[in-house]
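*Asks:* Here's the letter readout for the chains.
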Amino acid sequence: MSETLLLEAEGVSKGFPGVKALDDVHFTLRHGEVLALVGENGAGKSTLMKLLAGIYTPDAGRFRLNGEELHVAGPRDAQEQGIAIIHQEFNLMTDLTVAQNIFIGRERASGGVFLNDRALNRRAQKLFDDLGLALDPAERVENLTVARQQMVEIAKALSFDAKVLIMDEPTAALNDAEVDVLFQLIERFRSPEHGVIYISHRMQELERISDRITVLRDGRYVGTVDTAATSQREVISMMVGRTIQGEARPAASGHDGEIALAVEGLSTKHLLRDVSFEVRKGEIFGFAGLMGAGRTEVARAVVGADRKTAGVIRVHGAEVSISSPAEAARHGIGYLSEDRKQLGVLLERSVRENIALSALSDDFSAGGFVRERRIEQVGREYVDKLRIKTPSTAQLVQNLSGGNQQKVVIAKWLVKDCDILIFDEPTRGIDVGAKEEIYGLLRELAASGKAIVMISSELPEVLRLADRIAVMAEGRLTAVLENADATQENLMEHATRFSAEGTVAR
Amino acid sequence: MTTQPETTPSTTAFRAIEKGGPRFARLRGSIQQLLAGVSLVLILIFFSIASPVFFTANNLLSILVAATTTGILALGTTFVIITGGIDLSIGTGMILCGVMAGVFLTYWGWPLWLGVIATILFGGLIGLINGVNVSILGIPSFIATLAMMLVASGLSLVISGTKPIYFTEHPGFQKIMNLSIIPGMRFPMGVLIFIIAIVIAAVVLSKTILGRYTFSIGSNRSATALSGVNVKRWEITIYTLAGLFVGLAGVLSASRLSSAQPTGGMGIELLAIAAVVIGGTSLQGGKGSIVGTVIGSLIMAVLTNGLRIISVPQEWQSVVVGIVVLIAVYLDMLRRRRA
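In order, the protein sequence lines correspond to chains U and C.
For the first sequence, our numbering begins at 272 and goes up steadily by one.
For the second sequence, our numbering begins at 14 and goes up steadily by one.
Treat the hints with care, since some could be wrong.
What the hints assert, rightly or not - Label-pair distances were calculated between CB atoms; the ranges are:
| hint | chain 1 | residue 1 | chain 2 | residue 2 | range |
| --- | --- | --- | --- | --- | --- |
| 1 | C | T276 | U | A597 | 44 to 52 angstroms |
| 2 | C | V54 | U | S594 | 35 to 43 angstroms |
| 3 | U | G383 | C | I58 | 56 to 64 angstroms |
| 4 | C | L192 | U | D400 | 51 to 59 angstroms |
| 5 | C | V325 | U | L617 | 44 to 52 angstroms |
| 6 | C | G335 | U | D330 | 53 to 61 angstroms |
| 7 | U | R645 | C | F155 | 31 to 39 angstroms |
| 8 | C | L55 | U | V417 | 38 to 46 angstroms |
| 9 | U | V384 | C | I208 | 16 to 24 angstroms |
| 10 | U | A405 | C | L192 | 53 to 61 angstroms |
| 11 | U | A581 | C | L55 | 36 to 44 angstroms |
Calculated directly from the structure, the hints in this document are not laboratory data.
Note that the structure is a prediction, hence the values are computed from the model and not measured.
Glycine is no exception: its CB is placed at the ideal position from the N, C-alpha and C atoms.
Model the full structure from these sequences, guided by the hints.
*Replies:* The structure is reproduced here in structure tokens:
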């Protein structure tokens with residue numbers, strides 16, 4: 272019995288027209304174990320998940336659950352056979368309540384017709400009590416924070432008497448404190464009958480939560496290692512097939528440049544209170560903080576996307592009044608949103624069109640007509656300059672990887688002559704290898720005299736890149752630290768310094 | 014390698030990021046209905062002051078009668094709109110159903126009850142075809158129902174030979190809409206049927222599994238499918254339900270005129286959709302209510318009636334209705350932006 276594995280994949284292959292997404296992949300999940308599944312984007316992790324969810328069927332190979340061959344007919348069937356999957360994109364109906372979401376498709380309608388929401392809420396409440404979650408069953412999901420929506424997803428997955436819980440990047444939208452809550456849940460779920468497959472890009476998390484790590488690359492199995500006996504760098508080099516430089520910190524620099532952007536006493540109606548900071552040319556200025564602390568709001572208020580109630584903004588020493596992102600761009604401030612796909616690029620348009628978009632009316636048109644040749648020329652120039660991996664400038668942006676999409680956004684702002692660039696979560700959804708490249712690019716941009724503001728939820732990323740780090744909590748700036756003085760611990764300390772517990776330090 | 018702080022203030026963090034209480038959030042949902050309701054009352058007050066004949070039992074009843082057919086169409090189409098779809102075929106579909114009532118009752122001489130049921134089911138068939146086109150064939154609902162709108166419009170003319178069909182075999186047919194059910198008052202049966210239809214639609218939308226999936230599909234179609242709900246089947250059911258309301262509206266409109274008029278119908282669907290939208294149902298899907306739709310229908314009917322009573326030329330009436338739609342949707346967007 273102890274030799275039976277909880278879940279086993281053997282020689283699994285899956286092809287799509289033109290691509291072999293999975294090629295002879297195998298892995299094993301033992302009882303009571305957390306198995307991390309890692310690999311760069313395109314390594315085949317999500318295809319593997321979709322096979323287990325019954326969304327695709329494998330071309331070859333088989334899965335075994337507790338020694339018995341597993342056939343999954345569809346998402347519902349997967350759930351009923353004890354395979355619960357939390358997808359990377361939230362699968363919640365935001366207009367429905369928490370309880371309605373959790374039991375969708377399993378309402379136990381009386382006579383198959385009439386619903387009883389009170390009974391549904393009771394069922395949900397009991398589930399939350401068992402899981403130790405503080406959620407209101409009757410709350411509409413759209414009113415919940417991202418972290419709480421994640422909790423709803425997990426509660427939903429666990430409500431199907433799941434044997435195997437599969438999580439795809441569950442912490443992508445969570446801050447460190449919320450990650451802890453998630454990990455407590457995983458620990459509680461882990462038992463001799465249960466197992467977890469945990470897909471993530473975040474190496475630190477894998478060390479905390481996983482027992483073993485299985486690495487995929489380009490749809491193939493690379494290897495499985497014991498987490499405790501393996502360093503992060505080894506895992507990363509297995510993923511990318513090459514070694515990656517370590518946790519370097521920026522050399523102290525960039526402090527002597529002139530002040531490019533100065534913000535004084537910035538406040539907004541709802542969140543921000545008296546936020547002041549300065550960013551110099553050649554500097555990367557990081558923003559750390561928990562989700563909802565107001566980092567993105569600072570960026571949005573600075574570029575005029577949100578209305579500010581107080582505050583002065585100076586660009587290169589001159590006071591400016593900015594009431595829209597277009598005006599911000601005219602003053603040379605570019606904002607690269609965390610939601611790249613929605614707010615950063617036009618997915619269904621070409622690389623060169625995207626690059627030319629912001630500057631279309633200045634540089635790429637004459638008498639109202641678009642100058643295609645100039646767009647192609649500049650597009651090519653930036654594809655080369657930023658090393659955007661694309662077969663041509665006519666390629667649609669949706670066919671590019673996340674990292675290359677991000678580069679297109681950067682190119683767009685560079686073409687617009689922005690010398691103050693605000694990056695909101697610049698590496699979200701970008702795989703490890705490409706992250707390194709984005710980091711390098713940010714450094715290069717700073718070195719070339721741009722002033723860079725970088726907002727990130729990943730403390731290691733902030734520490735790695737930012738020359739100075741501002742920490743926010745509850746809409747206030749609680750600290751600005753030199754990189755040399757900053758550690759994950761003291762950043763976290765400042766990030767959790769809520770006003771109720773003391774006054775704001777500065 | 015990474016030392017996390019020993020005690021992470023997870024609960025504090027959660028509390029800190031919560032915006033507003035849950036109770037407040039829940040209240041917000043009904044504000045648009047409230048807004049529409051208040052608007053209706055204000056419009057009623059305005060016309061009552063503007064004209065002495067407006068606020069009389071007879072006139073209010075004629076408003077209800079006028080609201081009946083468009084209102085019933087709006088009820089059905091509320092479901093479709095909440096799923097994120099649209100149904101443009103309800104206007105000419107209603108006309109075609111009226112013609113079919115003529116075929117069943119006058120041409121084929123079916124008994125009254127059978128003809129009426131067959132007509133309602135025929136509406137369901139139109140909806141079923143719409144549902145299959147949208148759900149199985151994957152044709153965008155705008156296109157699928159636009160095509161059905163044209164087909165129904167043409168078929169009405171073809172089947173009737175472009176002439177009205179009179180219900181000569183069944184003089185009782187016109188009573189379905191017009192029979193006075195309260196002695197001494199002109200309270201027609203059609204209005205009672207409208208009220209019953211409202212109750213049925215409200216119960217189905219808020220209390221049944223069909224209603225739940227209507228919201229769920231509109232809120233996030235793929236997530237609903239991933240949750241193991243047979244989205245296609247339910248979508249077809251929802252379009253079919255909307256079609257049944259079309260069939261009912263067809264019976265009532267033909268009954269009101271004691272004849273099946275094969276022409277017209279185009280444009281009624283837009284009035285019904287306008288009523289739904291005024292009532293706060295979102296064209297993006299996921300949000301909406303029957304109460305809102307009823308208020309929306311009444312606002313439209315009161316406006317048309319009141320403007321006529323205070324002698325605003327008919328040409329101007331649709332201008333006013335158009336502006337009301339703009340204001341209603343804009344207010345709804347303001348509310349959403351603030352939320």
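*Asks:* Each hint needs a verdict: does it hold in this structure or not?
*Replies:* Each hint tested on the structure:
1. T276/C x A597/U: 44 to 52 angstroms: 51 angstroms, holds
2. V54/C x S594/U: 35 to 43 angstroms: With Cβ atoms ~38 angstroms apart, the hint holds.
3. G383/U x I58/C: 56 to 64 angstroms: 46 angstroms Cβ-Cβ, so the 56 to 64 angstroms window is violated.
4. L192/C x D400/U: 51 to 59 angstroms: 57 angstroms, holds
5. V325/C x L617/U: 44 to 52 angstroms: Between V325/C and L617/U, where Cβ atoms are some 46 angstroms apart, the hint holds.
6. G335/C x D330/U: 53 to 61 angstroms: With Cβ atoms ~56 angstroms apart, the hint holds.
7. R645/U x F155/C: 31 to 39 angstroms: 38 angstroms, holds
8. L55/C x V417/U: 38 to 46 angstroms: 40 angstroms, holds
9. V384/U x I208/C: 16 to 24 angstroms: Given range 16 to 24 angstroms: holds, Cβ gap about 22 angstroms.
10. A405/U x L192/C: 53 to 61 angstroms: Since the Cβ atoms of A405/U and L192/C sit about 58 angstroms apart, the hinted range of 53 to 61 angstroms holds.
11. A581/U x L55/C: 36 to 44 angstroms: At roughly 38 angstroms between Cβ atoms, L55/C and A581/U fall inside 36 to 44 angstroms, so the hint holds.
Hint check: a violation occurs at hint 3 only; the rest are consistent with the structure.
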